[in-house]
Amino acid sequence: MSARTKAIAKSNKAVAKEIRPELSKSLSWKTDWRRNKGLYFLFLPVLLWYLIFQYGPMCGLLISFQNYKPVKGIFGSPWVGLKNFKDFFTNPFFRRVLVNTIRISVTNLIFSFPMPIILALLISELRSKTYSRIIQTVTYIPHFISIVVIVSILMDLTNRNGAITNFLVHFGFTRTTMLNEPKYFLPLYIISGIWQNIGWNSIIYLSALLSIDAQLYEAAKIDGAGKFRQLISVTLPGLLPTIIVMLILQVGKSFNVGYEKIILMYNPLTYEVADVISSYVYREGLINMNWSYSAAVGLFNSAVSFALVWATNKFSKKVSGSGLW
Amino acid sequence: MDRAIRNEIKELKKPVKVRRTVGEQVFFAVDIVLCTLLALAILLPLLNIAFKSFSDPYDVMASTGLYLWPHNPTIQAYKLVFKNPNILTGYMNTIFVVVCGTVLNILLSLIGAYVLSRKGTKLVKFFTLMIVFTMYFQGGTIPFYLVVQALHLTGSRWSLIIPVGINTFNLIVMRTAMASVPDSLPESAMIDGAGHVRILFSIMAPLTKATVAVITLYYAVSHWNSWFNAMIFLHKKNQYPLQLILREILIQDETVTAGGMDALMTSSDTFKYATIMVATVPILCIYPFLQRYFVKGVMVGAVKG
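If you're matching them up, the sequences are chains A and B in order.
When we follow our numbering, the leftmost residue of the first sequence carries the number 1, and every step to the right adds one.
When we follow our numbering, the leftmost residue of the second sequence carries the number 1001, and every step to the right adds one.
You may find that some hints are simply not true.
What the hints assert, rightly or not - Derived, one-sided and incomplete: chain B residues facing chain A with beta-carbon distance under 7 Å:
1) F1027
2) C1035
3) L1066
4) V1115
5) T1134
6) W1227
7) I1232
8) F1233
9) L1246
10) I1251
11) T1280
12) L1284
Claimed, not checked - DSS-like, lysine-lysine: derived pairs with alpha carbons at most 25 Å apart:
13) A/K261 / B/K1236
14) B/K1125 / A/K314
15) A/K253 / A/K314
Treat the hints as calculated values from the structure; they're not laboratory data.
In this text, all values refer to a predicted model and were calculated from it rather than measured experimentally.
We put the CB at the ideal spot given by N, CA and C, even for glycine.
Go ahead and model the full structure; you've got the sequences and the hints to work with.
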């Protein structure tokens, strides 16, 4: 915001104060309570749910500074400072899970993120409304299929005699169960992700495309702009705010790589390329019962995610002037 | 003479053709081809499963490619699926979780959205901040598990319902919808003596019913498809929801019943395909009816809180 706009906003506020004094005078706590008591009581179940199931686990993160023993509980377990974090950073697995997390999320960002935008552009250019509706309906379907079923379809198509394997064998590919081979894990993970989400994620861009003023296109046409020029000069600038918000959200999510899918897809043969921070947390915590250690790894994960969202937001605000908050 | 006039009329009736440049024509053709290819890439693997589930198991066993129609149609596999006790209890558990879970979700989301959309209260801003913060920072799996365990919910089907009582994203979408209802409506109801609960359920909910419908679908689908919480919270097989049973059958490759022909059949591919169909088709039947509302549920403004 420039100094000028700030000054205008300030003077507007002053004017508003003069016209409606009750707006600026904030209510005293007592009046507020008397007036909105009913509302606050109504909110109680929601508030409790958030305190217990969202803020409860956040407080539970304290165990990552302890040597937590279930029998002693969070109040009786001994404090160990940063030991769990040191253990994680010096663990040989640290490098593996960090590299895998970054590799999977960066690849995902590069290949999966633009796909729904491209699809939205293709759908919006279709002349026939019926056909565009059919394409939308079909591409939304996989979003409603459970990840268990998606992974099992993938396994079925890529096993030794699967349809995809058979197809690839024609092109000089060695016949193998693809999900047991580390080198195929990443492509299969990314492609199946695109397959499942391309349609659903395009909805948001389609609705953004609809809100671009049609006059802009006509003006561009009159000025002699072809399809490609219209795309660059009208469509993309119109889509930019949506793209930026989605990008920030995506970057924020990137450290929580869809571990449910990873856990279903990987096996000991592919751990070296497939194991990410969140799947590691799951194995260490819920299978090996290293509560404190895995909570520390989880805290590291959450903290990095939060920092990423914060940094991307800051960056995009500086560059394009729009962000999440 | 007559003919000439008729031809002229015909000519006039023809829709005016917008002249397109060669470049544009190529563009539209490529566009249609790309969209069709994508649609096929999505449909063929799914149809393959549907057709194979109705085919002869021995034929499927020997097959190497995608099926474009059922081979020697039979419903043998489905008979076995519906005889399987695990799948039946899984179905019942899933229905229980979907129904109870979605009702709780909608209740909490309506209440939360209503309160968060009220203006002129001191605490609401704080509540909003507190709720939006949880979208960007979470305690993580392990402390979450310990909280649920401390509440003695593990080992009960309620562990699949109460801990996921609210999805913050859905709550905020709902709040945005309610905030767009003109203030005069609830205000006039309040003057007529209606309380908050009455205003919420008789005015706000009906006015935002398109969003309520979409949110209901989102919640129901996520309950229907979830398996991870069931895997970590439940210990008894008779409490497992369908997706967890599916995981055992499809991914861990467990043979379900012992003995004879049935055992061979239950480990066969057609049995797996039929199981997928039975678990997936019900949820796919609902969504086309709500499709026109989807855009409402994914507004970007909603995310910005």
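> Are the Cα atoms of B/K1125 and A/K314 separated by 25 Å or less?
Replying inline: Distance ~22 Å between B/K1125 and A/K314 Cα, so the pair holds.
>> Min Cβ distance, B/L1246 to chain A: is it shorter than 7 Å?
In response: Check passed: Cβ of B/L1246 comes within 5 Å of chain A, closer than 7 Å.
> Do the numbers back the hint for B/T1134, that is, is its least Cβ distance to chain A under 7 Å?
Replying inline: holds, 4 Å
>> Less than 7 Å between beta-carbons is the criterion; does B/W1227 satisfy it with respect to chain A?
In response: Holds: closest Cβ of chain A sits about 6 Å from B/W1227, inside 7 Å.
> Close enough to count: is the Cβ of B/F1027 nearer than 7 Å to one in chain A?
Replying inline: With a closest approach of 5 Å, the B/F1027 hint holds.
> Under the criterion of a CB-CB separation shorter than 7 Å, is B/I1232 in contact with chain A as hinted?
Replying inline: Hint on B/I1232: holds, closest Cβ of chain A at ~5 Å, below 7 Å.
>> So if I understand the rule, the pair passes when the alpha-carbon distance is 25 Å or less; does A/K253 with A/K314 pass?
In response: Holds, because 16 Å separates the two Cα atoms, which is no more than 25 Å.
> At a threshold of 7 Å, is the proposed contact between B/I1251 and chain A supported by beta-carbon distances?
Replying inline: holds, 6 Å
> Is the interface hint for B/C1035 satisfied, with its Cβ closer than 7 Å to some Cβ of chain A?
Replying inline: Because about 5 Å separates B/C1035 from the closest Cβ in chain A, which is inside the 7 Å limit, the hint holds.
> Does B/T1280 pass the interface hint, meaning its C-beta sits closer than 7 Å to a C-beta of chain A?
Replying inline: Nearest chain A Cβ about 6 Å off; hint holds.
>> The hint names B/F1233 as touching chain A; please verify it with the least Cβ-Cβ distance against 7 Å.
In response: It is violated, given that the least Cβ distance between B/F1233 and chain A is near 10 Å, above 7 Å.
> Is the hinted pair A/K261 and B/K1236 satisfied, with a Cα-Cα distance of at most 25 Å?
Replying inline: holds, 23 Å
Hint violations for this structure: number 8 only, all remaining hints satisfied.
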